[in-house]
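Residues per chain are reported as follows:
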Amino acid sequence: MRKPEFVYVTYIETTPAKLWEALTSSAFTRRYWWNTEVKSDWKVGSPFALVTNGTPTDVGEVLEFDPPRRLSYTFHHLLNEAAKKERPSRVTFVLEPAGKLVKLTLTHEDFAEDSVVLGGISSGWPAILSSLKSLLESGTALEIPPPCGGIQ
Amino acid sequence: MNKPEFVYTTYIETSAEKLWRALTDGDFTERYWFGHRVASAWEIGSPYKFSKQGNNTIEGKVLAFEPHKRLAYTWDPCAPNAHGERTSRVTFDLEPRGNVIKLTVTHDNLDEGGKTFRDISGGWPMVIASLKSLLETGKPLPVETKPNAAPEQRRA
Chain A
809 MRKPEFVYVT YIETTPAKLW EALTSSAFTR RYWWNTEVKS DWKVGSPFAL
859 VTNGTPTDVG EVLEFDPPRR LSYTFHHLLN EAAKKERPSR VTFVLEPAGK
909 LVKLTLTHED FAEDSVVLGG ISSGWPAILS SLKSLLESGT ALEIPPPCGG
959 IQ
Chain B
658 MNKPEFVYTT YIETSAEKLW RALTDGDFTE RYWFGHRVAS AWEIGSPYKF
708 SKQGNNTIEG KVLAFEPHKR LAYTWDPCAP NAHGERTSRV TFDLEPRGNV
758 IKLTVTHDNL DEGGKTFRDI SGGWPMVIAS LKSLLETGKP LPVETKPNAA
808 PEQRRA
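For the record, the sequence lines run as chains A and B.
The numbering of the first sequence is our numbering, which starts it at 809 and goes up by one.
The numbering of the second sequence is our numbering, which starts it at 658 and goes up by one.
By construction, these hints were calculated from the structure, which means they are not laboratory data.
Treat the hints with care, since some could be wrong.
Claimed, not checked - List of simulated lysine to any residue pairs, SDA-like, C-alpha gap at most 25 Å: (1) B:759 - A:932; (2) A:892 - A:927; (3) A:811 - B:779.
Please construct the entire structure, taking both the sequences and the accompanying hints into account.
As structure tokens, this is what we get:
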């Protein structure tokens with residue numbers, strides 16, 4: 809039986825450096841991620857947090873920081889009570905140049921059994937990464953109504 | 658054991674009408690689907706095909722045609738090494754979300770470990786990314802054609 813994981817691939821007409829900034833700069837993430845700021849000093853082992861409108865929603869620890877190629881952090885959701893009890897999962901972004909594009913692969917894995925976080929992030933990431941692609945290509949992020957449930 | 662299926666969701670700033678046209682109009686698909694033109698009478702049960710430079714690449718029949726909401730067809734790659742695999746199925750669901758459209762592509766009824774499953778898993782993210790770019794910016798993704806990479810089925 810395969811372990812559950814969520815993998816999402818997209819192609820963005822941008823540079824690895826810009827995409828890297830979009831993933832790690834809170835001024836940037838606020839624009840496409842439902843006003844969410846990503847907070848960290850981005851040293852391996854340092855704390856990491858997602859803060860939406862002043863409220864921390866997810867916290868973790870930086871596992872890999874290899875600009876502009878690989879970014880990885882643990883992910884522990886705080887708002888939903890059931891999700892809060894789960895052990896942290898793991899998020900990894902891999903950026904690969906592909907001609908004039910960048911191939912972005914997000915892998916979210918290492919979930920608890922019957923994880924409620926997995927359900928939440930499975931609807932959250934496609935919306936976030938769609939908005940990110942729009943922002944980098946057209947200059948305007950998407951206005952997608954946030955999902956219910958509070959996970960992302 | 659779950660049967661393998663591939664589900665891909667994206668959000669596009671467009672109207673359901675434009676997205677529907679992009680999925681069903683050969684002139685449109687040719688622009689973002691790396692040269693592949695779709696053609697069909699678009700009636701339930703009628704045949705459809707994708708072709709590139711006159712060569713058929715995918716064929717099947719129309720299973721669902723609810724304009725601006727749901728499109729489904731069977732999927733038979735014309736590649737010789739995909740013969741023998743079962744006929745799979747592709748479903749497009751369009752749902753308005755505020756001023757954007759949520760597009761979900763579900764490709765199911767696939768053979769476990771088959772060539773088609775591998776090809777479409779790599780192909781859909783590229784096709785849908787290019788479709789989104791075309792509808793939002795007016796330009797498809799500038800994907801370089803690799804002459805020796807046999808990319809046709811992979812991208813289909």
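Q) In ascending order, which of the hints set out earlier in this document are inconsistent with the structure? A) Structure breaks no hint.
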